[in-house]
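If you want the building blocks of each chain, they are given just below.
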Amino acid sequence: MSDTHAQSVAFVRDTMLPEQAPPASEAGVVKWMRENLFPGPVNTILTLLAIYFIYKIVAGSLPWFWNGIWTTSSLAECREILQGATGGCFSVLTERWNQLLFGFKYPSDQYWRPLVAFILLAVAVAPVLFAHLPRKMLLFTGIYPFLAFWLIWGGTILSPLMVLIGVLAGLAAFRRIEASGFAMAALAGLVTAVVIWWLGGFLASAASGVLALEAVPSRDMGGFMLNMILGTVCVSLSLPIGILLALGRQSHMPIIKWICVVFIEFIRGVPLITLLFVANVVLSYFFPPETNLDLIIRVIIMITAFASAYIAEVVRGGLAALPRGQYEAADSLGLDYAQSMRLIILPQALKISIPGIVNVAVGLFKDTTLVSVISMFDLVGMIRGPILASTEWNGVYWELWGFAVLTFFVVCYGISQYSQWLERQLQRDHR
Amino acid sequence: MAEQAQMTVSDEVAITIENMNKWYGSFHVLRDINLTVNRGERIVIAGPSGSGKSTLIRCINALEEHQKGKIVVDGTLLSSDLKNIDKIRSEVGMVFQHFNLFPHLTILENCTLAPIWVRKIPKKQAEETAMHFLEKVKIPEQADKYPGQLSGGQQQRVAIARSLCMRPRIMLFDEPTSALDPEMIKEVLDTMVSLAEEGMTMLCVTHEMGFARQVANRVIFMDQGQIVEQNEPEEFFNNPQSDRTKLFLSQILGH
Numbered sequence: 001m002s003d004t005h006a007q008s009v010a011f012v013r014d015t016m017l018p019e020q021a022p023p024a025s026e027a028g029v030v031k032w033m034r035e036n037l038f039p040g041p042v043n044t045i046l047t048l049l050a051i052y053f054i055y056k057i058v059a060g061s062l063p064w065f066w067n068g069i070w071t072t073s074s075l076a077e078c079r080e081i082l083q084g085a086t087g088g089c090f091s092v093l094t095e096r097w098n099q100l101l102f103g104f105k106y107p108s109d110q111y112w113r114p115l116v117a118f119i120l121l122a123v124a125v126a127p128v129l130f131a132h133l134p135r136k137m138l139l140f141t142g143i144y145p146f147l148a149f150w151l152i153w154g155g156t157i158l159s160p161l162m163v164l165i166g167v168l169a170g171l172a173a174f175r176r177i178e179a180s181g182f183a184m185a186a187l188a189g190l191v192t193a194v195v196i197w198w199l200g201g202f203l204a205s206a207a208s209g210v211l212a213l214e215a216v217p218s219r220d221m222g223g224f225m226l227n228m229i230l231g232t233v234c235v236s237l238s239l240p241i242g243i244l245l246a247l248g249r250q251s252h253m254p255i256i257k258w259i260c261v262v263f264i265e266f267i268r269g270v271p272l273i274t275l276l277f278v279a280n281v282v283l284s285y286f287f288p289p290e291t292n293l294d295l296i297i298r299v300i301i302m303i304t305a306f307a308s309a310y311i312a313e314v315v316r317g318g319l320a321a322l323p324r325g326q327y328e329a330a331d332s333l334g335l336d337y338a339q340s341m342r343l344i345i346l347p348q349a350l351k352i353s354i355p356g357i358v359n360v361a362v363g364l365f366k367d368t369t370l371v372s373v374i375s376m377f378d379l380v381g382m383i384r385g386p387i388l389a390s391t392e393w394n395g396v397y398w399e400l401w402g403f404a405v406l407t408f409f410v411v412c413y414g415i416s417q418y419s420q421w422l423e424r425q426l427q428r429d430h431r
Numbered sequence: 001m002a003e004q005a006q007m008t009v010s011d012e013v014a015i016t017i018e019n020m021n022k023w024y025g026s027f028h029v030l031r032d033i034n035l036t037v038n039r040g041e042r043i044v045i046a047g048p049s050g051s052g053k054s055t056l057i058r059c060i061n062a063l064e065e066h067q068k069g070k071i072v073v074d075g076t077l078l079s080s081d082l083k084n085i086d087k088i089r090s091e092v093g094m095v096f097q098h099f100n101l102f103p104h105l106t107i108l109e110n111c112t113l114a115p116i117w118v119r120k121i122p123k124k125q126a127e128e129t130a131m132h133f134l135e136k137v138k139i140p141e142q143a144d145k146y147p148g149q150l151s152g153g154q155q156q157r158v159a160i161a162r163s164l165c166m167r168p169r170i171m172l173f174d175e176p177t178s179a180l181d182p183e184m185i186k187e188v189l190d191t192m193v194s195l196a197e198e199g200m201t202m203l204c205v206t207h208e209m210g211f212a213r214q215v216a217n218r219v220i221f222m223d224q225g226q227i228v229e230q231n232e233p234e235e236f237f238n239n240p241q242s243d244r245t246k247l248f249l250s251q252i253l254g255h
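Keeping their order, the protein sequence lines are chains A and B. Residue numbering for the first sequence follows the UniProt record's numbering, beginning at 1 and increasing consecutively. Residue numbering for the second sequence follows the UniProt record's numbering, beginning at 1 and increasing consecutively.
For reference, chain A alone in the conformation it holds in the complex:
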């Protein structure tokens, strides 16, 4: 007992105690190992077991990588060289890399086009992902979809250009009349855009040689490029649609609310694979006859619908997590619905929803491989179909699937790391 307290109950502190550094902890490798690897008999046994398994795995797989063969032109040649020794036949990757990345029909002298589109994708996405980059870069992000379409599908630049002009003119018309009512303005914008698209269609077919790249039809798209196209397009479409659905589901207007609820619940209750079959076979019944909607577009519609329903539910969770006071404070300051959603509610709700949204995005990206089931030749489709079925490479499983695993892992791990970084950036409580 301290003698200050010993005599009586009454106690007055004369001086406040200064802040002190915590006791210096005994640091070092030995301490770390004792605490983390060998704290007790059971844990010691588990540690030793784990080390043994790691050793077996590494020892078993290293020679396979080490003896790997990269230069032959068929599996038979690999086997000849290896003479029964362990070793991977990675030649399939060096020989068929083009098919794995671009599919087997994309003209090989045009590979630079998707490649350029891919590199520009990084430039276009950067300002969206990193808020500290100059906002002017968003201009390029706006142009990018049209540019990428022209690069990948080819044809005259006039078609994407006219679509872009239609969109811009529609927006301009909307802005013009916005003051006199949202519905009128939206209609005017839509009409303007459609008229320009219609005129642009004539123009593009009349002058089909203007700045034309060799046209590549959609059915020739394949390989990892197809996964990237589907993944990028569907993620960037489903996020805004999902947010709108989530807001719609919260709406006080019963019709809008029920449309959103029915859409979300229906889509969530159906496996993606059935939706893809619907896209492949049934969807054309919903469009006017003669419209020959591209298979890729039909697939994009379905995957986007699927992902937006899930994102809507994630965002709804974020909205529900916000205290009512935030809505009331925004209201009491006189902000209207759109302003309070955009400035107050969504920034906070989306921040809460980041892990969930990323979960959906990663899942969606991986689910793009399901298109191989409706005979589109994405990365998985290429491996399962043309490559494994060829006489040269029949039987090369580990190397091909390992490549697919690695490719998807790199992208998905990147997305996940980005989201964690973003969460830390948006942390506002303990800075």
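In short, the hints are calculated from the structure, not lab data. Don't take every hint at face value.
Looking from chain B toward chain A, a few residues come up when the C-beta cut is under 7 angstroms (computed) [unchecked claim]:
(1) Leu63
(2) His98
(3) Asn100
(4) Phe102
(5) Phe133
(6) Tyr146
(7) Met184
(8) Lys186
Where a beta carbon is used, it is the ideal one built from N, C-alpha and C, also for glycine.
Fit chain B to the known structure of chain A by using the hints.
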């Protein structure tokens, strides 16, 4: 009191409430409320919890909908017309029990957001106004922090500054000190007193009877959704008329 003499009340009417009724489902929360507030008046609304006092002031800026009767704020009739509601809300400031600052924005951004987006004031000018009011509530040095980094009392003063930045003609306070530690209550009350001295029309739901004595020129006592008694503070505290008021005062002042 000497201070009260400086605070003038004009004859101009700021808020009129006539025969207002409100129900939550079948529960009759507000019963036949009649109240006229003149410009420059400072009214304290007291009463036991559940008496409908918060609901009453939340009806004035349409955070709650009333089902019967008439509310006119600053000459604008409160109806379901969204334009009118937004107009009234931009003229009426509100301070909440739990501050309700926007945690993702800095203190300065909290204060400039509504002036910029609702009043369409240029950013620069809005920031000057915000700094002016932050100085008035004595925390200009916190302008670049986030609400989560401030104490409760500081947050509540920011909330008051945020409302003032809209240059409201009426201020509503919904139990502004109830969520604060005793040490912080005073700093918020001081801010409110100085606001009252400048002639702001104020309606405060509060249990701070000292504040009521010092600045209010009318105290309203509510129970079971009705106005039971209203009077000048001296009369109200020294000579309460209804038994319900006497009981309430003995409980709240008795310790």
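Evaluation of the provided hints:
1. Leu63: With a closest approach of 5 angstroms, the Leu63 of chain B hint holds.
2. His98: This hint holds: His98 of chain B lies near chain A, its Cβ roughly 5 angstroms from the closest one there, short of 7 angstroms.
3. Asn100: Because about 4 angstroms separates Asn100 of chain B from the closest Cβ in chain A, which is inside the 7 angstroms limit, the hint holds.
4. Phe102: For Phe102 of chain B, the interface hint holds, since the closest Cβ of chain A sits about 6 angstroms away, which is under 7 angstroms.
5. Phe133: violated (14 angstroms)
6. Tyr146: At 5 angstroms from the nearest chain A Cβ, Tyr146 of chain B passes the 7 angstroms test, so the hint holds.
7. Met184: violated (19 angstroms)
8. Lys186: violated (23 angstroms)
The structure is inconsistent with the numbered hints 5, 7, 8, although it conforms to all the rest.
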